[in-house]
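2 protein chains.
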Amino acid sequence: MEELKNVNKKFREINEFFSPKIIAEVNDVFVKLVRIKGDKIPWHNHKDEDELFYVLEGELLMEVEGEAGFVMKAGDIYVVKRGMGHRISSLGESRIMLIENKSTAHTGEVKTAITRSIEEQL
Amino acid sequence: MEELKNVNKKFREINEFFSPKIIAEVNDVFVKLVRIKGDKIPWHNHKDEDELFYVLEGELLMEVEGEAGFVMKAGDIYVVKRGMGHRISSLGESRIMLIENKSTAHTGEVKTAITRSIEEQL
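Line order of the protein sequences matches chains A and B.
Just so you know, our numbering puts the end of the first sequence at 189, numbered straight through with nothing missing.
Just so you know, our numbering puts the end of the second sequence at 189, numbered straight through with nothing missing.
Just chain A, same shape as in the assembly (with noise of 0.2 angstroms):
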């Protein structure tokens, strides 16, 4: 039987912010929860994919290239459609679900501190 898998839970595991952990695999796709603190998000693209964010709790700013920066709360859904630049940043924490290929990479080319393989959002 496969997994039962709680969200809760699920946040009560991850110590990290911005450090994405997968909480379910379907198809083609991952499920990801991230907290979100602070500004360490560089700009990024995924040059082939694009890249859903769903908040579920706290506010979230968005900043997609050409486009007024904007706050995501909970129950938003924004997709960044593939080749976008983005950043998301959370004054206070912010709780989010990622949905997205099992081929993106976190920050896209751009390698830096905050930056987790897909080993390490398992």
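Misleading hints may appear alongside valid ones.
If chains are identical, the list can't say which one is meant, so a pair holds when it fits in one copy or spans any two.
[To be verified] Straight line, CA to CA, 16 angstroms or less: simulated EDC-like cross-link-like pairs of lysine to aspartate or glutamate:
id	residue 1	residue 2
1	Lys148	Glu92
2	Lys107	Glu130
3	Lys169	Asp95
4	Lys148	Glu70
5	Lys72	Glu126
6	Lys148	Glu69
These are computed hints drawn from the structure, not numbers from a lab.
Keep in mind that this is a model prediction, so the values were computed, not measured.
Dock chain B against chain A, hints included.
Only chain B this time, still in chain A's reference frame:
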């Protein structure tokens, strides 16, 4: 710019039970919202596609072939693997998110009065 969606706002537009509505598209995947109340969904499977169930509100009874049924509560995530017969029901209303490939047929190859085409899920 892509459109900012909100889960709660979308649910306010959903009047029917069992009728999935697409809230977002990301790569080859649709993210859908569904209100469930009662047991009108037939046993079915999706031969080539996993299907992710994420309970947002209420309690959902998940039944998978060969396993004891179990109740999923808010925050719970379960993936029904491809080919596995399954059925969901809910005594009271439950509200769930589905993550599935665009190719996934609502009730597999089983058609009943509640079966909805992709066009009807837009």
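Intra/inter-copy verdict for Lys72 and Glu126 if alpha-carbon distance must be at most 16 angstroms: between (24 angstroms within a copy, 15 angstroms between copies)
Lys169 and Asp95: within-copy, between-copy, both or neither at 16 angstroms Cα: Close inside one copy (6 angstroms) and across copies (12 angstroms); limit 16 angstroms.
Given identical chains, is Lys148 near Glu69, meaning Cα to Cα at most 16 angstroms, within a copy, between copies, both, or neither? Between copies only: 8 angstroms across chains, 31 angstroms inside a chain, cut-off 16 angstroms.
Using 16 angstroms as the alpha carbon limit, work out where Lys148 and Glu92 are close: within a copy, between copies, both or neither. Between. Shortest inter-copy distance 10 angstroms satisfies the 16 angstroms Cα cut-off; intra-copy 21 angstroms does not.
Between copies, within a copy, both or neither: which fits Lys107 and Glu130 at Cα up to 16 angstroms? within (13 angstroms within a copy, 43 angstroms between copies)
Tell me, please, which holds for Lys148 and Glu70 at an alpha-carbon limit of 16 angstroms: within, between, both or neither? between (31 angstroms within a copy, 11 angstroms between copies)
Violated hints: none; the structure is consistent with every hint.
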